[in-house]
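Quick mapping for you: the protein sequence lines, in order, are chains A and B. All residue numbers for the first sequence refer to our numbering, where the first residue is 1 and numbers rise by one. All residue numbers for the second sequence refer to our numbering, where the first residue is 1001 and numbers rise by one.
Treat the hints as calculated values from the structure; they're not laboratory data. Computed from a predicted model, the values in this text were never measured in an experiment. Mixed in with the good hints there might be a few duds.
[Unchecked claim] The calculated lysine to any residue pairs, modelled on SDA-like cross-linking and capped at a C-alpha distance of 25 Å, are:
no., chain 1, residue 1, chain 2, residue 2
1, B, K1057, B, L1015
2, A, K130, A, D89
3, A, K57, B, G1121
4, B, K1127, A, K130
5, B, K1057, B, G1121
6, A, K127, B, E1118
7, B, K1127, A, A13
8, A, K127, B, R1019
9, A, K127, A, G101
10, B, K1127, A, K57
11, A, K57, B, E1118
12, A, K127, B, G1036
13, A, K57, A, L100
14, A, K127, B, G1121
15, B, K1057, B, D1098
16, B, K1127, A, D89
17, B, K1057, B, S1075
18, B, K1127, A, R19
19, B, K1057, A, K130
20, A, K130, A, C88
21, B, K1127, A, A34
22, B, K1057, A, L14
23, A, K127, B, A1017
24, B, K1130, A, A13
25, A, K57, B, S1083
26, B, K1127, A, G101
27, A, K127, B, R1046
28, B, K1127, A, C88
29, B, K1057, A, G101
30, A, K127, B, W1122
31, B, K1057, A, A13
32, A, K57, B, W1122
33, B, K1127, A, D16
34, B, K1057, A, F114
[Said to hold, decoys possible] Output of the computed footprint for chain A on chain B, the stretches with three or more beta carbons under 8 Å from beta carbons of chain A:
no., region
35, 1026-1033
36, 1129-1135
Quick reminder that beta carbons are idealized off the backbone N, C-alpha and C, glycines included.
2 protein chains.
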Amino acid sequence: MTSAGMEQTAAAALLDAIRFDAAGLVPAIAQDAATGEVLMLAWMDRAAVERTLETGKACYWSRSRQRSWMKGESSGHLQIVRSIHLDCDGDALLLKVDQLGGIACHTGRRRCFFRRAEGGGWVVELKPIKTEAEIYGSGS
Amino acid sequence: MTSAGMEQTAAAALLDAIRFDAAGLVPAIAQDAATGEVLMLAWMDRAAVERTLETGKACYWSRSRQRSWMKGESSGHLQIVRSIHLDCDGDALLLKVDQLGGIACHTGRRRCFFRRAEGGGWVVELKPIKTEAEIYGSGS
């Protein structure tokens, strides 16, 4: 067996333990490896998990855009994967990552979970570090 | 307006910001409020969010059993909710909780994410604190 073949077999063993849903997706939580802060929840299909394993950078499936994406491909805010964890039922993933740029959210905030329930409403508890125009360019 | 009526209105404002999926569910991450450890990912329907807000204890919707459950109702391992957070798209929740009994997983482990990808396979990196028989009784 070639080296590439062995890698494929190894990845297959990892992938086969994951229970993808009817749409072929699994939720993946990204957590800051250093601080423990939960940065975001996104979705992966089988190819996104494979690409994440191959590149060491978090890759997801965008349900709204119906396409694969490497986190940070436009913004530069890549997630370097330190470890990948699977839950008891095999239907959720946890990634511990180094968040490049210190910004996980497309709104320019450190994390996507920036609203907190308080007094019957959602309070925004975090300010953007950069504006979306600064991150993505004002022309896009 | 009665006090109960005001509470309903307040909860409605919180609930209306959540984007439940086609099945009426939203993924909810439970994180240990003290240590930052990600304990589990489960699902909530609107009623589960309402019940969580009302009781201060984490309530979920079981997709496998197709019914509401309060986490810990059988095991005693309740989750006392310290704060609830909503992400930028409104389609994922993060709960910071105190995990009673120090066990979040039905397998008797601290957390459900106890497998780590390593060398092409999943390595179990955490031992059960209690057996399932000890938690749920051997007769069930």
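Here's how the hints hold up against the structure:
| no. | hint | in the structure |
| --- | --- | --- |
| 1 | K1057/B <-> L1015/B | holds (17 Å) |
| 2 | K130/A <-> D89/A | violated (38 Å) |
| 3 | K57/A <-> G1121/B | holds (18 Å) |
| 4 | K1127/B <-> K130/A | violated (42 Å) |
| 5 | K1057/B <-> G1121/B | violated (35 Å) |
| 6 | K127/A <-> E1118/B | violated (37 Å) |
| 7 | K1127/B <-> A13/A | holds (22 Å) |
| 8 | K127/A <-> R1019/B | holds (22 Å) |
| 9 | K127/A <-> G101/A | holds (15 Å) |
| 10 | K1127/B <-> K57/A | violated (29 Å) |
| 11 | K57/A <-> E1118/B | holds (16 Å) |
| 12 | K127/A <-> G1036/B | holds (21 Å) |
| 13 | K57/A <-> L100/A | holds (11 Å) |
| 14 | K127/A <-> G1121/B | violated (40 Å) |
| 15 | K1057/B <-> D1098/B | holds (10 Å) |
| 16 | K1127/B <-> D89/A | holds (16 Å) |
| 17 | K1057/B <-> S1075/B | holds (14 Å) |
| 18 | K1127/B <-> R19/A | holds (22 Å) |
| 19 | K1057/B <-> K130/A | violated (36 Å) |
| 20 | K130/A <-> C88/A | violated (38 Å) |
| 21 | K1127/B <-> A34/A | holds (24 Å) |
| 22 | K1057/B <-> L14/A | violated (34 Å) |
| 23 | K127/A <-> A1017/B | holds (19 Å) |
| 24 | K1130/B <-> A13/A | violated (29 Å) |
| 25 | K57/A <-> S1083/B | violated (30 Å) |
| 26 | K1127/B <-> G101/A | violated (36 Å) |
| 27 | K127/A <-> R1046/B | violated (28 Å) |
| 28 | K1127/B <-> C88/A | holds (12 Å) |
| 29 | K1057/B <-> G101/A | violated (35 Å) |
| 30 | K127/A <-> W1122/B | violated (38 Å) |
| 31 | K1057/B <-> A13/A | violated (37 Å) |
| 32 | K57/A <-> W1122/B | holds (19 Å) |
| 33 | K1127/B <-> D16/A | holds (23 Å) |
| 34 | K1057/B <-> F114/A | holds (21 Å) |
| 35 | 1026-1033 | holds (count 3) |
| 36 | 1129-1135 | violated (count 0) |
Hint compliance for this structure: hints 2, 4, 5, 6, 10, 14, 19, 20, 22, 24, 25, 26, 27, 29, 30, 31 and 36 are broken, all remaining hints hold.
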